[in-house]
Amino acid sequence: EAGVAQSPRYKIIEKRQSVAFWCNPISGHATLYWYQQILGQGPKLLIQFQNNGVVDDSQLPKDRFSAERLKGVDSTLKIQPAKLEDSAVYLCASSLALSTDTQYFGPGTRLTVL
Amino acid sequence: SQQGEEDPQALSIQEGENATMNCSYKTSINNLQWYRQNSGRGLVHLILIRSNEREKHSGRLRVTLDTSKKSSSLLITASRAADTASYFCATRGGQGAQKLVFGQGTRLTINP
Chain A
77 EAGVAQSPRY KIIEKRQSVA FWCNPISGHA TLYWYQQILG QGPKLLIQFQ NNGVVDDSQL
137 PKDRFSAERL KGVDSTLKIQ PAKLEDSAVY LCASSLALST DTQYFGPGTR LTVL
Chain B
621 SQQGEEDPQA LSIQEGENAT MNCSYKTSIN NLQWYRQNSG RGLVHLILIR SNEREKHSGR
681 LRVTLDTSKK SSSLLITASR AADTASYFCA TRGGQGAQKL VFGQGTRLTI NP
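Chains as they are written, first to last, in the numbering used here: chain A, 77 to 190; chain B, 621 to 732.
Since the hints were derived computationally from the structure, they do not count as laboratory data.
Being a predicted model, the structure only gives us computed values, none of them experimental.
All residues carry an ideal CB built from backbone N, CA and C; glycine is no exception.
Accuracy of the hints is not assured; some may be wrong.
[Said to hold, decoys possible] Cut-off 27 Å, straight-line C-alpha distance, at most; resulting in silico cross-link-like pairs (DSSO-like, lysine-lysine):
#, chain 1, residue 1, chain 2, residue 2
1, B, LYS719, A, LYS147
2, B, LYS719, A, LYS138
3, A, LYS120, B, LYS719
4, A, LYS154, B, LYS719
5, B, LYS719, B, LYS646
6, A, LYS120, A, LYS138
7, A, LYS120, B, LYS690
8, A, LYS159, B, LYS719
9, B, LYS646, A, LYS120
[Claimed, not checked] To give an idea of the interface, some chain B residues facing chain A are shown, with a C-beta separation under 10 Å as derived from the structure:
#, residue
10, CYS709
11, ALA710
12, ARG712
13, PHE722
With the hints as extra help, turn the sequences into a complete structure.
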């Protein structure tokens, strides 16, 4: 079974630039999550989708971050404009359903904002 | 905000020894999970313990949960070099709370 795919693996940008991350969840998984993991900390949930609908985006900085999952499969997370404090690893995860406890994580995208 | 507080933040032991990591949390939970993260890789789910369970085993892993103290521990027995990683506890809240909230993690180093 293929795991959660993410691209790119690494990205370096300058502040005020924009960046987008892509995630392809495990086939058949209805729930998709984006996490931000700052160095030395645990992952923090940014947004959670059930199919193509948003379940929880309470910790998403909506003035600069946006995410979509238009067809209920792949998802993109965008930052525009980026700030220095956005430097982190962005992890995508998926689970079979909202009620499913186990989440499967992708390798992450390491973002460096200069 | 992060619910879990893990202790210690870093742990270094010799191969073959046992490693114990602790996690404390603040609010009521439905379940508590432990994840491992190797350097440069994503998180891998290790074990889940529900709020009505007190102890669970999986291979060399033993997890305990004390809901009265709002704490959990992860024991790795007979450690191996491959166990070197960061370990995170994550809590899933009570009824209606779907979000998984992670602690800040324990960095475990196994010395050969």
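So which hints don't hold here, by number, going up? none
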